[in-house]
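Undergrad: Sequence order for the protein chains is E and D. Position 184 of the first sequence, counting from 1, maps to 185 under our numbering, and the rest follow consecutively. Position 201 of the second sequence, counting from 1, maps to 202 under our numbering, and the rest follow consecutively.
Source of the hints: derived by calculation from the structure; they are not laboratory data. Treat each hint with caution, since some may be false.
No copy labels: a pair is met if it fits in one copy or bridges any two.
[To be verified] 27 Å max Cα-Cα, derived DSS-like pairs, lysine-lysine:
#: 1; residue 1: Lys124; residue 2: Lys520
#: 2; residue 1: Lys89; residue 2: Lys121
#: 3; residue 1: Lys194; residue 2: Lys604
#: 4; residue 1: Lys436; residue 2: Lys194
#: 5; residue 1: Lys461; residue 2: Lys362
#: 6; residue 1: Lys460; residue 2: Lys123
#: 7; residue 1: Lys525; residue 2: Lys124
#: 8; residue 1: Lys393; residue 2: Lys525
#: 9; residue 1: Lys123; residue 2: Lys525
#: 10; residue 1: Lys460; residue 2: Lys525
#: 11; residue 1: Lys121; residue 2: Lys525
#: 12; residue 1: Lys102; residue 2: Lys75
#: 13; residue 1: Lys403; residue 2: Lys604
#: 14; residue 1: Lys123; residue 2: Lys520
#: 15; residue 1: Lys350; residue 2: Lys393
#: 16; residue 1: Lys525; residue 2: Lys487
#: 17; residue 1: Lys520; residue 2: Lys121
#: 18; residue 1: Lys362; residue 2: Lys72
Fair warning: this is a prediction, and the values are worked out from it, not measured in the lab.
Number of protein chains: 2
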Amino acid sequence: VQFRSTHGTNSGSSSFSIRSHTCGELRSTHVGEVVTLCGWVQYQRHGMFVILRDYSGLTQVLIPEDESRIKLKKTFCELPLESVVKVKGKVKRRPAGQENKEMPTGEIEVCAETAEVLNKSKKLPFEIKDFTKKAESLRMQYRYLDLRSSQMQYNLRLRSQIVMKIREYLTNIHGFVDVETPTLFKRTPGGAKEFLVPSREPGRFYCLPQSPQQFKQLLMVAGIDRYFQVARCYRDEGSKPDRQPEFTQVDIEMSFVNQAGIQALIEGLIQHFWPNELRSISTPFPIMTYEEAMSVFGVDKPDVRFGMQLVNISEVFSSIEVEFLRDIVHRPGGCVQAIRVPGGTRHLKNKDLESLKHLAKIHFNQTVNVVVLKDDGTWRSSIAKLLPDSAKQHLLQLTAAKPGDVLILASGLLQDVRSLLGKLRLQCVQLLEDKGMIVRDPSDFHFLWVVDFPLFLPKKEYPAELESAHHPFTAAHPEDLPLLLKEPHKVRSQHFDLVVNGCEVGGGSIRIHDASVQKFVLEKILKEDSSLLSHLLEALDSGAPPHGGIALGLDRLLSIIVGASSIRDVIAFPKSFRGHDLMSGAPDFISEDELRPYHVCVKWPVQEG
Amino acid sequence: VQFRSTHGTNSGSSSFSIRSHTCGELRSTHVGEVVTLCGWVQYQRHGMFVILRDYSGLTQVLIPEDESRIKLKKTFCELPLESVVKVKGKVKRRPAGQENKEMPTGEIEVCAETAEVLNKSKKLPFEIKDFTKKAESLRMQYRYLDLRSSQMQYNLRLRSQIVMKIREYLTNIHGFVDVETPTLFKRTPGGAKEFLVPSREPGRFYCLPQSPQQFKQLLMVAGIDRYFQVARCYRDEGSKPDRQPEFTQVDIEMSFVNQAGIQALIEGLIQHFWPNELRSISTPFPIMTYEEAMSVFGVDKPDVRFGMQLVNISEVFSSIEVEFLRDIVHRPGGCVQAIRVPGGTRHLKNKDLESLKHLAKIHFNQTVNVVVLKDDGTWRSSIAKLLPDSAKQHLLQLTAAKPGDVLILASGLLQDVRSLLGKLRLQCVQLLEDKGMIVRDPSDFHFLWVVDFPLFLPKKEYPAELESAHHPFTAAHPEDLPLLLKEPHKVRSQHFDLVVNGCEVGGGSIRIHDASVQKFVLEKILKEDSSLLSHLLEALDSGAPPHGGIALGLDRLLSIIVGASSIRDVIAFPKSFRGHDLMSGAPDFISEDELRPYHVCVKWPVQEG
């Protein structure tokens, strides 16, 4: 038995390392020190300087001119970029006038005494320079090179820091317990998007769960009181842009809490981790009902950084001659609504307006009317001549439209009109911003809660039947409890979403903690086989505390915080939109032999002749 | 848009809650305060007290005797145990003489003013009392009840705290980055124990990786410098006792580090999280070579809390008449070795000694000789009469045996003798401890490093071929590098294990960071298809820093710390040893319809007629 003597510094970024400092930390205060740096060759200059890089920054290394170091010079100058070297040398102040103010280490350079090539790089498929533009597929194939960029280093390191702050807030300040729940689980009723994992028992499969929903509720029944987990979740949605088959959520559940309690917890959480370098946010966040969000913004995740709200203009058409519009207005659930694009005439060209009409036609199968309010007060619109002046005035008054604005009108069933105008509102902003207008400030973060969602929605395929708007464990709004028996479609839920800048980044609810209510919802309303959830129903009968929780979509939230265009930019090794790992080639073919222990075989699709 | 007023306290265990305090925190300093408690009915006493429980403890609630509270009393007294209630009332000092010193809240009681039944419990399959013994299968089926026990609450909460301290140490003190790596990945060469996940593309499967090994190395190539992750790993070993199909490891990788650096990091880590309530440990940990561990303890994870070390007694037999032993000694690689059980004659009965012989026969197909050294100095042993007195003296001298001891002798090939005696050494201790002797102090934790493992081992099935002793990415010991080409079986590796009390709780190594060496190992020594790892080989050619890392088995480490007999006691929802979730019934049957999108079908085994 021997003992090892401890060595090196015992804290900081270079503890326990063969380097003494990182490439980003040397300053003029280090002048005279002998240091050891390890890093990548970023570039060589004048045959006498090598710029070394690591995650923390760059340091200039001076290669001495004296004869005895000729080999050192040869080694360095012939080394391909991105090779890894270790350099030992003395920190010197740069000669006057040669300081680089742009570079944090720009006051000094390291005069190399010895150097060692640790790894010689071959020619790489792209340069590791911040200005190099690369196709995303190339970035994904060589992800280990792509991650060397300062943006990706920033994204991954910020992610780590934020997750750490989330943990500190929950465990150290609020007494939460970090509990790991299984990912090899049982299929949930209706879990069509769950990945399957064959077991060694013929015909039996595990499922990779979409969230730890059942486990977090069972932990409340178990008296854990406050649970959280940075949980890996799985959802098989085939090919959907900007979705990942595995993703991460900050999963939280509390006993003895109400909606307001969960919301206050999350507001404190976001304040706690909010990066200092971003514009600050204020709490509490505004609360908007689902009904308000739908009626004003046409969507349940409104981007409230700008106006262009939906305006009901049905009354303009209720008594006039525009027949098709009057008919719509008088139909049950029918309406005419508008959004106003302020100053739209200057930026939206005919081509743009046509593209909006096209979008309405293609994606919503609806026709929209566009009114261009010219600077001289005249109207350019196909409906201009159908409307009497009084109606025009009424319309302008309701929409507060002025010369130079564009109005976009849609008519039809309320929910169709809302969805369409909600979408066109966002599309208009995109068009304006593509032309250089700044409508939404990207450094502004508008968080808000959307509450009072419907508990059930008609099924897409069989509108006579209901399905859960979110999941079957959501509790009803206490005021609407009497409706559950007879008019379940009218019941609001205790579900709430956290929305920022038009993106849903979290969803929470108070859960049903009464077994008989849960059974009623599953069997009588949703017509599900409740035996698949018998363990949960039994648990709710065994002393279940009232409880609720929330899940934050970590990938999405981070991508918004760092201003990334895709969640792939905040994930170390993401899959392509087809679910492929372009670096390793997963998913891959498996031989029949390797499938045998799992008692499955591939059912090859029949080739169409 | 509305705003919610923040409510409740904003830190501590009851922040954002409908309770004001937990059931474990009230003391005499709270007397006079009106409090709201929520908890489970632990028991009722004398029709006037209800004892409420939550994770933090118990509080006695007094039901007032006055007429106006008759309903309150009725509610409480008829309530089944484990029902959940909310009680509001004033904290009172208990009458003199009625304090309960055993109970942290024993100085006070809460005089109920109002109460609300939040959930009425049905009759449960077992009582939530610490002394209730339950079959493990029942505990697993009703895990949400089992977790209410104070031991399981302690285990899960300690786990959460330790994991948090690990994170703090790595990120806040040593600059590590927490990076999540994918669990839907590609099969690795030889990955026979990997679960498969069918994708929606016919014939293509993801794999659930056994560890993030490739990703952590790629992150070093990516310049992440210091990575860690509390990583979920998957290993399909069929039915093995005390293994879990999914388990958790603290996964660590560093660039520019050597073995000593990683070991020092881990020693600091364990010191940092070591629970105050346990006997302290000292660092640095002792280091033992693999060869030393095998020769002295017969195993590569020695329990050094006790002696009974292996002693080579071959020389006693090299020149004497015991023919079969002499032959063995003279065979290449043959030897005779012994372990001494001090005072063994008093505790080990004939039955016990027979059981040791039986174990040797059944599991190792070997015969052992037992020498009972009676108190009067005479020998009871089948070999006693075969040995001349001088040989007996020699044997006693080598083993330091005294009257009252038992010697266990084994002979054969060195490696077989070591394995057998290593096993019998542990078995002897178990027998002694079953009889009440304390040989190993359970409150003592002996950490040690085992180093200099062989890099390759002969394959079990084809001993002429070599396989990696750990994994193919392990670097060779620098001194043995010249042997790699011609005598790879003699090469020691830079792998090292962390062992505590006879259990391996971590394994680390310095990795190969040179593509040509990695390719040579994969193709020439291991005869693997290196194209499956082409992405890693390419990465090593792209500026790969020297790097190394370690993985700690979190479940195992925690089970040792809390003194649990199984890792299932430190996992919230473990699987049975057959890999079943006894609560939900996973894995479960999946219909053909549900399998269709994945292009697989079940291959039912043919029934034997």
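Undergrad: It remains to establish, for every hint, whether it holds in the given structure.
TA: Tested hints:
Taking the shortest alpha-carbon separations for lysine 124 and lysine 520, only the inter-copy value of 19 Å comes in at or below 27 Å, while the best intra-copy value is 64 Å. Taking identical chains as interchangeable, the C-alpha atoms of lysine 89 and lysine 121 lie at most 27 Å apart only when both belong to the same chain, with a minimum of 18 Å there against 72 Å between chains. Both within a single protomer and between protomers do lysine 194 and lysine 604 lie at most 27 Å apart by alpha-carbon distance, with minima of 20 Å and 23 Å respectively. For a Cα distance limit of 27 Å, the shortest separation of lysine 436 from lysine 194 qualifies neither inside one copy, at 39 Å, nor across copies, at 56 Å.
In the homo-oligomer, the alpha carbons of lysine 461 and lysine 362 lie at most 27 Å apart inside one protomer (20 Å), although the nearest pairing across protomers, at 68 Å, exceeds that limit. In this assembly of identical chains, the alpha carbons of lysine 460 and lysine 123 never lie at most 27 Å apart, being 57 Å within a copy and 35 Å across copies at closest. Proximity of lysine 525 and lysine 124 under a CA criterion of 27 Å is satisfied inter-copy only: 26 Å between copies versus 66 Å inside one chain copy. In this assembly of identical chains, lysine 393 and lysine 525 lie within 27 Å of each other by CA distance neither inside one copy nor across copies; the values are 51 Å within and 85 Å between.
Proximity of lysine 123 and lysine 525 under a CA criterion of 27 Å is satisfied inter-copy only: 23 Å between copies versus 66 Å inside one chain copy. For a Cα distance limit of 27 Å, the shortest separation of lysine 460 from lysine 525 inside one copy, 15 Å, qualifies, whereas the shortest one across copies, 60 Å, does not. Taking the shortest Cα distances, lysine 121 and lysine 525 sit within 27 Å of each other only across copies (23 Å), while inside one copy they are farther apart (68 Å). For the homomeric pair lysine 102 and lysine 75, neither the shortest alpha-carbon distance inside one copy (29 Å) nor that between copies (79 Å) is at most 27 Å.
Taking the closest pair of Cα atoms, lysine 403 and lysine 604 never come within 27 Å of each other, the shortest separation being 63 Å inside a single copy and 71 Å across copies. Taking the closest pair of Cα atoms, lysine 123 and lysine 520 come within 27 Å of each other only across two copies (16 Å); inside a single copy the shortest separation is 64 Å, beyond that limit. In this homomeric assembly, lysine 350 and lysine 393 come within 27 Å of each other (Cα to Cα) only inside a single copy, at 23 Å, whereas the closest approach across copies is 108 Å. Taking CA atoms no more than 27 Å apart as the test, lysine 525 paired with lysine 487 passes inside one copy only; the shortest distance there is 11 Å, against 74 Å between copies.
Taking CA atoms no more than 27 Å apart as the test, lysine 520 paired with lysine 121 passes between copies only; the shortest distance there is 16 Å, against 65 Å inside one copy. In this homomeric assembly, lysine 362 and lysine 72 never come within 27 Å of each other (Cα to Cα): the closest approach is 71 Å inside a single copy and 65 Å across copies.
Hints 4, 6, 8, 12, 13 and 18 from the list above are not met by this structure, while the remaining hints are.
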